Amino acid sequence: DVAIGLNNGRLIDLFQKHGKKELKIEEQTAKLKLYKLQSMQKELKKMKKKLHKLDAKIVALRSKQDFKAVVAYVTFNEEKGQEECLEAYSRSFLHLLPPWLGGRKSAT
Numbered sequence: 007d008v009a010i011g012l013n014n015g016r017l018i019d020l021f022q023k024h025g026k027k028e029l030k031i032e033e034q035t036a037k038l039k040l041y042k043l044q045s046m047q048k049e050l051k052k053m054k055k056k057l058h059k060l061d062a063k064i065v066a067l068r069s070k071q072d073f074k075a076v077v078a079y080v081t082f083n084e085e086k087g088q089e090e091c092l093e094a095y096s097r098s099f100l101h102l103l104p105p106w107l108g109g110r111k112s113a114t
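So in our numbering, spot 86 of the sequence shown is number 92, and the numbers just go up one at a time.
Keep in mind the hints are simulated off the structure, nothing from the lab. Honestly, I wouldn't trust all of these hints.
[What the hints assert, rightly or not] The calculated label-pair distances, taken between Cβ atoms and stated as ranges, are:
1. 87 x 24: 36 to 44 Å
2. 32 x 81: 33 to 41 Å
3. 73 x 39: 38 to 46 Å
Please read all numbers here as calculations on a predicted model, not as lab measurements. For every residue, glycine included, the Cβ atom is placed at its ideal position computed from N, Cα and C.
Construct the entire structure; sequences and hints are all you get.
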């Protein structure tokens, strides 16, 4: 299995904020239906406006930034698969890794 990590932490933060704001809007909408207060309608409008601004930030970030893979995690079901991979890529950077990270033990 291979899992790729991207440099999109800022985007993830924005999505989390978006989710929290959506929950608050849903709560406010439910309270508004229950109590039908004018002040709650104004607050709901403000909340929706903030959510739309956050949406715009997300769209802008996604359109201007090309997220690149910064890490890959490779796992093997069997030791034989790991050995074959290391053998296939023995001339790459993998041989520079310490043995506990999958690199080759030195011949000394």
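Now for the hints, and whether the structure bears them out:
1. 87 x 24: 36 to 44 Å: At roughly 40 Å between Cβ atoms, residue 24 and residue 87 fall inside 36 to 44 Å, so the hint holds.
2. 32 x 81: 33 to 41 Å: For residue 81 against residue 32, whose Cβ atoms are near 39 Å apart, the range 33 to 41 Å holds.
3. 73 x 39: 38 to 46 Å: Once the Cβ atoms are compared, 40 Å apart, the range 38 to 46 Å for residue 39 and residue 73 holds.
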